[in-house]
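Engineer: The opening position of the sequence shown corresponds to residue 1 in UniProt numbering, with each subsequent residue numbered one higher.
Just so you know, these hints were derived from the structure itself, not from any lab. Since we're looking at a predicted model, the values are computed, not measured. A couple of the hints might just be wrong.
Derived lysine to any residue pairs resembling SDA-like cross-links, with alpha carbons at most 25 Å apart [said to hold, decoys possible]:
#, residue 1, residue 2
1, Lys32, Leu16
2, Lys10, Ala41
3, Lys32, Asp50
Cβ pair distances, simulated, as ranges [said to hold, decoys possible]:
#, residue 1, residue 2, range
4, Glu9, Asp50, 28 to 34 Å
5, Ser37, Leu5, 24 to 30 Å
6, Leu16, Glu38, 16 to 22 Å
Here a beta-carbon is modelled for each residue, glycine too, at the ideal position from N, C-alpha and C.
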Amino acid sequence: MLSILTDAEKQRNIDLQEVNAGLMPEWKYKVKWQGMSEEEAKREVAENSDEGIEYDDEDDDTEEDVNVN
1 MLSILTDAEK
11 QRNIDLQEVN
21 AGLMPEWKYK
31 VKWQGMSEEE
41 AKREVAENSD
51 EGIEYDDEDD
61 DTEEDVNVN
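Given only the sequences and the hints, what does the whole structure look like? Please build it.
Structural biologist: Below you can see the structure in the form of structure tokens.
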């Protein structure tokens, strides 16, 4: 029994690493590990991406713009 739990935990960690690396869609992880339907998972991922932090790369400071004294 312990090895089954350990194997499931290992697989969940592997799947999470794949999500973070962009190798597995986040919605697929939610279907597999959180028991969501595909539709629910895709909707939640879309809602979270709409509410996420946006970064404006155009205003990044470059080396010429940074004044270090």
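Engineer: Does the structure break any of the earlier hints, and which numbers would those be?
Structural biologist: The structure conflicts with no hint, since it agrees with every one listed earlier.
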